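Following the hints, put chain B in place on chain A, whose structure we already have.
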Amino acid sequence: MKIYVTGYYTTRFGEIWEQSLSELIDEAITGVLKNAGIDKKQIDAIFFSNMLAGVLGNNLHTPSKIAEIMGVNIPIFRSEAACASGGIAFHLANNYLQAGAAKTVLVVGAEKMTDYSPEETTGALMTAASGEEQAAGLTFPGLYAIIANYYLQKYGYTEENLAYVGVKNHFHGSLNDKAHFRNIITVNQVLKSACIAAPLKVLDSSPISDGAAALVLTSDKKMIGKMKNKVTILSTKTASDAISLSKRKNLDTLLAVKIAAEQAFREAKLARRDINVAELHDCFSIAEILAMEDLGFWKKGEGGARIKELSTQFGSGSPLIVNTSGGLKAAGHPVGATGVKQIGELFLQLCGQAEKRQVKNCRYGLAHNVGGSGGTAVVTILGI
Amino acid sequence: MISPVKIWRRQKDIRNRLGQKGTVVAWTTVYVAGNDFKKYAPYPVAIINLANGDKITCQLVDCEQKDLQIGLPVVVTLRKVREESSEDVITYGLKAKPL
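So the protein sequences, as listed, match chains A and B.
If you read the first sequence in the numbering used here, its first letter stands for residue 1, the second for the next number, and so on.
If you read the second sequence in the numbering used here, its first letter stands for residue 385, the second for the next number, and so on.
Next up, chain A with everything else stripped away, as it sits in the complex:
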């Protein structure tokens, strides 16, 4: 059965102190129904993704709160897989439609993070890591910093190689009016920014953001016929791996990403070179470099050199442009919303709706969403 994405809306990402989690969700749902031109009565179920409301906000059982906001009585499910919660919600929604349990569903992702101190949020995010890593005083920047240090030493790169990821993604963020950060930055600024966990600095790292994003997915042929903007889900695959870095075979490969990517490309019957736009999970600069390698776009160990060419930057004219939304780095990273926003950005690109950052002649897009330093990975391929 063919499943389509037929609508997308995202709130602005950033420090949105005037809106609560419920208000962000409300804005995203109202927005996506309007953009898709459908009524809430046409929605059969909702897949909601959120990580931290229970830990930080004493706020669980969100599905029933969404029912209250919308005034509906349909099935609503919540997915939690740390920063991959959104990708997993999308994956489950697709399977639900494939199983014939519904015809049209919403995928909604939301997160409220800026009400809390950085220490509280840092601690809450670490609930996604292993007990041993928590007891060692590690943080998520710390986990990725261990990977980064290992990668730089193994392949003979320096912190400067990493810095290009943030430079590129901030340039893209400057073209996205929903992005958390819209300023252009230089390699020098990245290198001079404060160290969070050596070798990663503030400008290697995605921010703590609020935001919500929503998608409409449907298998309803009647509805699809009426839709001007639609993209096909060619494949969405997820895989898992040991959460502790110390329990993994390789430190410079996220195995879950490799497995999910191989399965997704096989099902979509596409080659790596067919992908025109990709939204990758650049929670830290090193993560985008590893993603390019683990997804098979670049060879293992080449990423540090390849990123310096900025070939994946908008306007470079090369066949694959990466993180046109600004990525997690510049668009922001409200964790539950991120995986949904990634699919939404591909939807905009493939439908020619990406305005100032529109990549020409896009046919295929790939989203890569990772939870807990590689414990969960979701790879999704869309096409027109």
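Just so you know, these hints were derived from the structure itself, not from any lab.
This one's a predicted model, so the numbers in the text were calculated from it and none came from an experiment.
Quick reminder that beta carbons are idealized off the backbone N, C-alpha and C, glycines included.
Some clues are possibly wrong.
Unchecked claim - FRET-style restraints, in silico, Cβ to Cβ:
hint	chain 1	residue 1	chain 2	residue 2	range
1	B	476	A	247	42 to 50 Å
2	A	183	B	400	47 to 55 Å
3	B	393	A	188	26 to 34 Å
Stated by the list, open to error - Partial list, computed: chain A residues near chain B (C-beta under 8 Å):
hint	residue
4	135
5	139
6	152
7	153
8	156
9	158
Chain B only, in chain A's frame:
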């Protein structure tokens, strides 16, 4: 506060690790920490490859910044891991120090 029962439960494996030797596989220095570890920052954390082939993740102690490198030989030792307030049970756990 972490309950004493939880601390005891987590410490079951500690005695087996104490005194084991190994080498640093990868490391970082954490500058921005969560609430429990804020007062100790910055501190180095490493993945250690133990002589028996197991790998563990823990903080490094008695270690100068300049000595931090992949391949550094270390030994596992018992140290205070965290102390939330002066009246809490002090949590002890594994850390590693250079040989």
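- prompt: Which earlier hints can't be squared with this structure?
  reply: 1, 3, 6, 8 and 9
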